[in-house]
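2 protein chains.
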Amino acid sequence: MNSKTKPRIPSGFYELLPGDQIAFNKMVDKIRSTYELFGFVPIETPAVEFTEILLAKGGGETEKQIYRLNKEGDDLSLHFDLTVPLARYVSEHFKELVFPFRRYQIQKVWRGERNQKGRFREFYQCDIDVIGTDSILADAEMIATTYRVFKNLGIDNFTVRTSNRKIFSGFLFFLGLEEKNSDILRIIDKLEKQGAQEITQQLSKIGVEGDQVASILNFVEFNGTAQEMFKKLDSLNIDNDLFKRGRTELWGLINAVQKFNVPEKYWKIDLSIARGLDYYTGTVYETTLNDFPEVGSICSGGRYDDLTSYYTKEKLSGVGVSIGLTRLFSKLKELKIFEKEKSTVSSVLIAILDEKYNDNCLSLAMKFRDNNINTEVYLNSGKLDRQIKYADKLGIPFVVLVGEDEIRDNKLSLKNMKTGQQVISSTDEAIKIIKDEQQIK
Amino acid sequence: MNSKTKPRIPSGFYELLPGDQIAFNKMVDKIRSTYELFGFVPIETPAVEFTEILLAKGGGETEKQIYRLNKEGDDLSLHFDLTVPLARYVSEHFKELVFPFRRYQIQKVWRGERNQKGRFREFYQCDIDVIGTDSILADAEMIATTYRVFKNLGIDNFTVRTSNRKIFSGFLFFLGLEEKNSDILRIIDKLEKQGAQEITQQLSKIGVEGDQVASILNFVEFNGTAQEMFKKLDSLNIDNDLFKRGRTELWGLINAVQKFNVPEKYWKIDLSIARGLDYYTGTVYETTLNDFPEVGSICSGGRYDDLTSYYTKEKLSGVGVSIGLTRLFSKLKELKIFEKEKSTVSSVLIAILDEKYNDNCLSLAMKFRDNNINTEVYLNSGKLDRQIKYADKLGIPFVVLVGEDEIRDNKLSLKNMKTGQQVISSTDEAIKIIKDEQQIK
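Chains as they are written, first to last, in the numbering used here: chain E, 17 to 457; chain L, 17 to 457.
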């Protein structure tokens, strides 16, 4: 006989026991229904794309991260985000779609990164995008949707932080630093993680002078209400077109967010939000849990001028955000923020006291199910004790017992597992009790 | 400038436009809720497993099919079904699970088969299994659940065909063919596809004699009600223990299925159901659409004595079935069985007649959303015509218009896109009209 293969999953991959899986699925359902509340339609793309599609933008870091499939024939890889597949999808189906196209997409993505603690190689992203519009209202919808998603998830103390890349870039142009624009953005993006001292050194290293560094740090550390922020921006008297356009866009964004009734406590302007990715050209977002800043951004994104340039001549601008759900869930679990879910979806267990009562038990189960009550029959031989323990361990709230007496009287015994109380009732009464308790319609 | 990369997906992969995706997701939701109605809990495993886990049973056909990942370090592959990952999961988490463990799992699987027409390389499987029980009631639950799933999907003319491997194997033993048992099972499994003549030739080729071939064909072509089938089986007077055990199990199964109130028209005993896979040891199932037999089995499975033998010393028997959803969906779409879904999830579009009405439109959108109405704002500049056309193309049932007059009177205009009728109403009245029409609670 062969020795056993040790059952385990690779590091960086994540799976859950049933109770946690139920909690995870509830989060997905809430995100889905909130996205639909805002009119986003679902799409799903294959896990696999042609490698040349994924790398069209140019390899670099991405090429190192992707999981390529080792099979003769087509050169295929697992997607590493949902944005590149969206660009391919929109380009491919351009003529069949209606624009502005607002879609959501909740799928796993894969990144074969060197495995650091807390880094996932497989994780869920929950993306929304509106493609084919320059309207600033679309940018505001992102904040309104993000706000509502987290509220619906029962998370309250969060802040959507937003800025506009044109403002910061315009400011750098004004300082005469236009050639170093993307390098500086990349460095500033790490300000929160690495601190001002480290950032100062890095800026010096790429040739930013001392007084320029001071100006930059002063600029990104501006802080205050929206009104105060605009006052500060205006007080700089920056005569640069890009800066002015960014200011106008941010002004439009903030006005629309207010009209969407997103309370001020849930968003703020933060000029240090740079986002590492090259393709953002306007509004950018990050979202943080105020009690747990170390978790980092749980929902990020921005506006891009041309999503599909690698695949089609159609120029499609748009805006989107993405929730990194696996990481968010694992952190919330670590922080024990959620109530623990039961390990069952059943409202009632039909116990089997003796094989000779099978007939009654099975048709009873179907009766409960006909009434929309999640029901299971105990599917093993075993004494009543063991069956009760089974219900108890899983957290099934009711157990139905049927024996000689119950069958004779056309009744059943219903045990409430929380109170321990046991009542004799008709099937219809039992159905009513369970539905009331479990709030089943 | 680079030339464009042609946007396309590899053959054997499948993706849908939004209207079809909405229909697909509705099917998944119905399968999920029905599985939960029967008390199955959700789990999800990584898309990727250690290759040695996937191939523990021995390579062969499987090894040729799996997609291996091409990356230094761990030898990883995409899973090709959900049964091997389940076996690994149950072995790994044995101490944390409660048995009998009833789980459902709806995920994509990947098979790098030579691409034939209609063969998918990536597809959804929807599996249920009960692990850790020998009870025949578990086998009956599979039929009860399958029945309810297809009814809930709006499919009526289907038959769950069931048999027990022990019966056929016992019969072969009785004929003195025990050494050729698995070869014969594999050949008979193709009877429906290939026809009696081809099967006869194949049986002869492996040394089954003429009268034995006749007996086998006669046996698997038995046909009739459950009662008639048992009569025929008994009339053979087969004195073989395996056969007798199989007969007892099948008897128990059929009785339980009847007690679960599954009408006779939805199931039948079919002794030709052999299932190709080695690990089935008792009950086996296949499900066919009676109007479209060419589609093949849309839900198959069976009972296994020892699922986890490659990973743990714990011996875990169980039973399960799997729906091949991608194939089923693509066939139903081909056959145009489903009503076409709209390409939207929105109940209402807020049109924007002029930028100066933005404020009213945005807060109106949030008011509708607060009332659980899926709502979108038109996120582009454009004349009213274009906005109406947008709603029409997507199938959004209502459009809200707000202009000078409406704002002055604190009203809105509500256009019903189906009837073309337009009424002036208060926000609350509009909410009521939309909710009634769209049956929103």
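You may find that some hints are simply not true.
Since copy identity is lost for identical chains, a pair holds within one copy or between any two.
[Claimed, not checked] DSSO-like mimics (lysine-lysine), calculated; alpha carbons at most 27 Å apart, straight line:
#, residue 1, residue 2
1, 247, 281
2, 209, 20
3, 46, 356
4, 284, 372
5, 356, 431
6, 383, 260
7, 111, 22
8, 399, 111
9, 42, 451
10, 372, 329
11, 275, 383
12, 331, 431
13, 42, 167
14, 356, 111
15, 281, 80
16, 167, 399
For the record, the hints were derived by calculation from the structure and aren't laboratory data.
Since the structure is predicted, the reported quantities are computational estimates derived from the model, not experimental observations.
Okay, the hints, checked on the actual structure:
Taking the shortest alpha-carbon separations for residue 247 and residue 281, only the intra-copy value of 19 Å comes in at or below 27 Å, while the best inter-copy value is 76 Å. Taking the closest pair of Cα atoms, residue 209 and residue 20 never come within 27 Å of each other, the shortest separation being 45 Å inside a single copy and 38 Å across copies. In this assembly of identical chains, the alpha carbons of residue 46 and residue 356 lie at most 27 Å apart whether taken from the same copy (17 Å) or from different copies (26 Å). For a Cα distance limit of 27 Å, the shortest separation of residue 284 from residue 372 across copies, 25 Å, qualifies, whereas the shortest one inside one copy, 67 Å, does not.
Proximity of residue 356 to residue 431 under the C-alpha cut-off of 27 Å is restricted to the intra-copy arrangement: shortest distance 23 Å within a copy versus 46 Å between copies. Taking the closest pair of Cα atoms, residue 383 and residue 260 never come within 27 Å of each other, the shortest separation being 68 Å inside a single copy and 33 Å across copies. In this assembly of identical chains, residue 111 and residue 22 lie within 27 Å of each other by CA distance solely across copies; the values are 15 Å between and 51 Å within a copy. Taking the shortest Cα distances, residue 399 and residue 111 sit within 27 Å of each other only across copies (21 Å), while inside one copy they are farther apart (64 Å).
Both within a single protomer and between protomers do residue 42 and residue 451 lie at most 27 Å apart by alpha-carbon distance, with minima of 20 Å and 25 Å respectively. With identical chains, the CA atoms of residue 372 and residue 329 are never at most 27 Å apart, being 72 Å at best within one copy and 34 Å at best between copies. Taking the shortest Cα distances, residue 275 and residue 383 sit within 27 Å of each other only across copies (11 Å), while inside one copy they are farther apart (50 Å). For the identical chains of this complex, residue 331 and residue 431 are neighbours neither inside a copy (64 Å) nor across copies (32 Å), given an alpha-carbon limit of 27 Å.
Proximity of residue 42 to residue 167 under the C-alpha cut-off of 27 Å is found in both arrangements, the shortest distances being 14 Å within a copy and 25 Å between copies. With identical chains, the CA atoms of residue 356 and residue 111 are at most 27 Å apart between copies only, with a shortest distance of 19 Å across copies and 47 Å within one. With identical chains, the CA atoms of residue 281 and residue 80 are never at most 27 Å apart, being 40 Å at best within one copy and 57 Å at best between copies. Taking identical chains as interchangeable, the C-alpha atoms of residue 167 and residue 399 are never at most 27 Å apart, the minima being 46 Å within one chain and 35 Å between chains.
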